[in-house]
Every structure is written in structure tokens, then in C-alpha cells.
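Kindly produce the complete structure, drawing on both the sequences and the hints.
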Amino acid sequence: MDMWEPKRYTEMSSQACLRPAVVLSLVLVVWALTGLTHAQPKASVLDFSASLGNLLPSLSRPANSSRIFYGVMFDAGSTGTRIHVYTFIQKDPEELPVLDNEMFHSIKPGLSAYADMPEMGGYTVRQLLKVAKKTVPRLEWKRTPLVLKATAGLRLLPSEKSQALLEQVQDVFDESPFFVPDDSVSIMNGTNEGILAWVTVNFLTGHLYAETRKTVGILDLGGGSTQITFLPKSKKTIGSSPDDYIARIDMFNSTYELYTHSYLGNGLMAARLAALGALGADVFKSSCLPKKFREEWSFGGLTYIVSGKPDGYVGYKLCYQEVLKVVKGIVHQPYELKDTSVFYAFSYYFDRAVDAGLIDRTQGGMLEVRDFKKRAKEVCNKMSTYRPINPFLCMDMTYITCLLKDGFGFKENTVLQSFLASQ
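If you use my numbering, the sequence shown corresponds to residues 700 to 1122, in order.
There's no promise every hint is true.
[What the hints assert, rightly or not] Estimated spans, in silico, between C-beta atoms of each pair:
no., residue 1, residue 2, range
1, 1032, 1089, 23 to 31 Å
2, 1110, 950, 24 to 32 Å
3, 995, 876, 47 to 55 Å
4, 1009, 1065, 48 to 56 Å
5, 912, 1024, 37 to 45 Å
6, 995, 912, 47 to 55 Å
7, 815, 934, 24 to 32 Å
8, 906, 1083, 42 to 50 Å
9, 836, 932, 46 to 54 Å
10, 997, 912, 25 to 33 Å
11, 1065, 932, 15 to 23 Å
12, 1061, 939, 39 to 47 Å
Simulated from the structure, these hints should not be mistaken for laboratory data. The C-beta atom is built at its ideal place from N, Cα and C for all residues, glycine as well.
Encoded structure:
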């Protein structure tokens, strides 16, 4: 496949939409079209009642005529930048549009890798815009909104460097033939990222329409941050949580009081860095890596030399102690997660479950927290077998196990539904 050849998805059923990249990009659609700027803690209410039509161009159509329009969304994550070009159909002007198909492409590394070369960050976005120009009819360019939301990768950078990158992207957008809304290029607040992912997943799975209000929780493990969001069943959960972990939203004539938090620095790649203790050493050694492993590893625009411990012990128990320091005392344990609940897990939860053979890449699947633990032990105690797949698999699976159990406090029989992948 050519570097810039996009992938096309035309089957837009609810399950088809439950791919990690699609969930986040649909989150960006909601973000852009509702004008959300920040989450509201406890006593405040976040209003999601704004219509998608607020941003869409006004077109004169017969009452019985379908309206087709497009949207271009960039997801600038810590490990890559993705473009999603959506085609929407609106059959009734009184109803919300329906997502018809998606054109998707991604490139690595993420924008944060160009922290010292912001012009290169702008160049990557300019190259990805070719996908939009090939997909959207020329006559629709000036009516097609163009939006980029950056996540943890840019949140981890010093403000002056992240701002320089955003300015380069803004210049590229301003030069483009597409419609550029106000605040079209910005960094997404981590809490809102979690809330909007929850809205998207529950909307696509039909839970927001159910009178029982039996919603599902979401777990999103990115490269730089991780989010947890769910609708508490117990008042004790709300009462025992920090004020800024509870947000209220108004949507579909209902008010939801959500538990939500984003942990910056606890994404999978950032956690690797913290577990390795990458501060001031020439080579960062870990019991989570194969003994004879030694390679360069890059994250956030920096490159590190990492290795196993040739003369030391390796394995699950030692690895668990290394990753525990990244979680212990940092991640809050919501009261009711000790009970059995259903959560949808995506991004690196999905990727590593696939790598470890827990679920199928094309089908996704159900698994329990204990499945991550069991496979982490197997991988860590047989690293030579799994090294060709991913030399970091022991570390990553152990961190996920630790995050779920000692971090969030999930029971081993908690059910996780992992999404279909889009890349």
C-alpha cells in the first residue's frame, strides 16, 4: 500500500463503528459540533443537547430529499496522527444525520515527536489532507468542516512547544480549501476525552435510549494517558470521590452524573517510560524485558536505549513490582468497582489483548480481568517465545493487569468487551 493510500470503511453498523480509532474520531465529531470546552464538576451541568446542525452548512433541499455532507477529523495522539473523512446522510431535516461511510488513514510518529521541529508536524498534516481532497468532492470542500484535536501527546509537552505545533497545523488548515471553524485546532481536555468516549460508546450500543439506564463503562488506554468513565450505581461512589472526578451532563432529556477521570502519564507508552525510570541513565534496564534484549525505543520525540537484565532475574513477579510504582498511590479506586460491572475497553487494551492471543483482531471479544493476569504470567515467564511478537509484551500486559487490579480496583471476574480494530 502506498504511504498515503487510505483505508475505506463502508459498513457503518453499530458494531462496525466500535473500532478504537472510530470511537475517538466520533468523539471528536461530538466535540466539534457541540462546542464543548470543559467538563463541569458535580453541581454544574454539561449540556449535550446542541444539534449537529449548528456547524453544518445550510443547504436548500426539497423536503423529501436526502442531504449528503462531509466532515474531516484529525486525531492527533501520542503515537500517531489519524485522519477520518466521514460521509453523512440526513434524510429528514428534523432528525440527526446518519454516518454513511468513513475514509481513514494514519501515520507515525505523533505530532509530539516534532516538538523541536514544528514545521515537520505541519507537513505531516498537510500530507494527510491529501486523503480528504481525494475523498470529498471538490464542490463540497468549502462546506466541509476541518477539525484537529490533540490528546495526551501534546498535553505532555511544555506549553510553548505544543503551541508551536498547533500554530503550524492552524497555518496548514488556513491554507486549505476546507471550512475551518473557530477553535478547530486545539488540545482536548483529558476529562472531556473520557466523557465523550462514554457518550459515543453508549450511543452506538443503544444504551442511551434504554429506559433502564443500564449503561456501560469505558476504559481507554492511550499512549500518554488513560481514561475511565462510568455511570455510578451507588451514591457512595459519588460521595467518596474527589469533586473533579464527578461530572453531570444533560443529554436526550436525561441528566447523567458520571464518574470520570483522565490520568496523564499513565498511558501505555508513558507508563513504559516511568517503569524504566528513564531519568539520567545511559541504558534503562528492566526485569520486564527479555534478558538479551537491547534496542532503541522512541516516545514523545526522544529516543532511549532499553534492555533486559542479562545477569539478573526476570519474570512476572519482578516485573509487577516495577510497574506497580507507576500505579500505586496515583490511580483512584472507585467504590463500586469491587462489584461486577461491564466495561468496554479499547485502544491499547485491545491491541495488547490481540498481541497476546486473547481475542481475535477482526472480531474483538469478551474477556475478564483475570485473563490479562494469566496471560501476563505466561508471557513474562516465557519471554523468548513471545519476543518476536513484541519484546515489550510482558511489560505491557503486566502494566495493564496492575492498572486494572491495583489501580482501578476491578475484581478478576470483571467483564471487558474489547472493540474491533480499525488499523
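Hint-by-hint comparison with the structure:
{"no.": "1", "hint": "1032 x 1089: 23 to 31 Å", "result": "holds (29 Å)"}
{"no.": "2", "hint": "1110 x 950: 24 to 32 Å", "result": "holds (30 Å)"}
{"no.": "3", "hint": "995 x 876: 47 to 55 Å", "result": "violated (40 Å)"}
{"no.": "4", "hint": "1009 x 1065: 48 to 56 Å", "result": "violated (40 Å)"}
{"no.": "5", "hint": "912 x 1024: 37 to 45 Å", "result": "holds (38 Å)"}
{"no.": "6", "hint": "995 x 912: 47 to 55 Å", "result": "holds (49 Å)"}
{"no.": "7", "hint": "815 x 934: 24 to 32 Å", "result": "violated (49 Å)"}
{"no.": "8", "hint": "906 x 1083: 42 to 50 Å", "result": "holds (44 Å)"}
{"no.": "9", "hint": "836 x 932: 46 to 54 Å", "result": "holds (48 Å)"}
{"no.": "10", "hint": "997 x 912: 25 to 33 Å", "result": "violated (44 Å)"}
{"no.": "11", "hint": "1065 x 932: 15 to 23 Å", "result": "holds (21 Å)"}
{"no.": "12", "hint": "1061 x 939: 39 to 47 Å", "result": "holds (41 Å)"}
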